[in-house]
Amino acid sequence: MTPKQRKLAYELITNPPPGSDLAAAKEYGIDLTLLVENLDLTVAERLRKLYSVATFLEKMRKTTGIGK
Amino acid sequence: MTPNSEEFLTLLNQAEVEYVVIGGVALVAHGSARATFDLDVCYKHSKENIEKLCRALQPFHPRLRGAPLDLPFRFDSKTVTAGLNFALATDLGDFNLLGEVAGLGSYDAVYKSSQHKKVENISCRVLSLDGLYRAKSAAGRNKDIEALKEIKGLKELKERLQEE
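In order, the protein sequences belong to chains H and Z. Following the numbering used here, the numbering of the first sequence begins with 1 at its first residue and continues without gaps. Following the numbering used here, the numbering of the second sequence begins with 1 at its first residue and continues without gaps.
Bound-form chain Z, shown alone:
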């Protein structure tokens, strides 16, 4: 299910979760014309932040995406602390929670490569175009080749328009 990004980000902000929007939604926030069906978020893998994240998401029944429905899974602090990256389906839509991002590293490195974006009354951190380029280069998937071309073109277009 496609998540409503604004709804999800509001939820994380209300819970004071430390996160950075990455992936396809971050690309779209910068102006990309790509469609994506899930929301990728890099979160700080600290005890306090994991507790906030779990409290915020638990009411929306997170389960492991693609796993059998009868597979035991509890989205709680213990599970998230023991793991790192989770592909989740929830009542709000599909989300990928990443404790670290290939090409960048853990949350602190991702945060340093992010920038503040205001989505009307929602404030959030979004991975920069340079950060997205590094992450997609490191991911090395065939589907990212097109994204890399688009990121470089978009970056040049924005830079040239800013000069105007």
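Next up, chain H with everything else stripped away, as it sits in the complex:
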């Protein structure tokens, strides 16, 4: 993402055009800041971030599982 695109992205998620899909997503509670951060990553970086988060969540889940 170029600096100009990043600036536009933050303008769009801060004040989404009324009636737009972005506005609907924001109103629904979607964290649009996370989308912008992800769009700034490569596909490989996005998948690694997912793997890292999911692996951690799974470890957390195991510590609170049955018999723990």
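Rather than coming from a laboratory, the hints here were simulated on the basis of the structure. Do not rely on the hints blindly, as some may be mistaken.
[As the list claims (entries may be wrong)] Quick list of the computed label-pair ranges, beta carbon to beta carbon:
(1) Z:Gln14 x H:Glu58: 20 to 28 angstroms
(2) H:Pro18 x Z:Thr10: 41 to 49 angstroms
(3) H:Pro3 x Z:Asn13: 29 to 37 angstroms
(4) Z:Arg74 x H:Met60: 33 to 41 angstroms
(5) Z:Thr79 x H:Glu58: 47 to 55 angstroms
(6) Z:Glu51 x H:Gly19: 18 to 26 angstroms
Ideal Cβ positions, reconstructed from N, Cα and C, are used throughout, including at glycine.
Go by the hints and put chain Z onto chain H.
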């Protein structure tokens, strides 16, 4: 167990399996901020492709996820040919193998709705945002409502940024 998508896709590529990445991992590849614990793949349900798929996965001891451990199950060409969709646990993690996708159809239709993605040195086909929208709409689950809102927002954001 959360699969390492890159490891799994490398394995499928080395075995020359015809597949398209769908589901939550495909969403993340497009920029979604959702967490998912399994990898969904649509595969071509042809004799040759099923044989390649089975040869690639057999060393990782696929078993039916959620089924009793003593339930007889052999992940081989005969089983996959007779079935279509499989929720599997393997040594590499949890995978869902789908022969067709609701809202889209069989592999050929899914492939047409997919796009090429390069994950560093891994080339793969990933279901497009439009395809994901159609699949999640057809699935009609409560958990997909949020995903549908996110897909539409993400699509608009990408389109507006591309115009820049």
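Status of each hint after checking the structure:
no. : hint                                  : verdict
1   : Z:Gln14 x H:Glu58: 20 to 28 angstroms : holds (26 angstroms)
2   : H:Pro18 x Z:Thr10: 41 to 49 angstroms : holds (45 angstroms)
3   : H:Pro3 x Z:Asn13: 29 to 37 angstroms  : holds (35 angstroms)
4   : Z:Arg74 x H:Met60: 33 to 41 angstroms : holds (34 angstroms)
5   : Z:Thr79 x H:Glu58: 47 to 55 angstroms : violated (28 angstroms)
6   : Z:Glu51 x H:Gly19: 18 to 26 angstroms : violated (52 angstroms)
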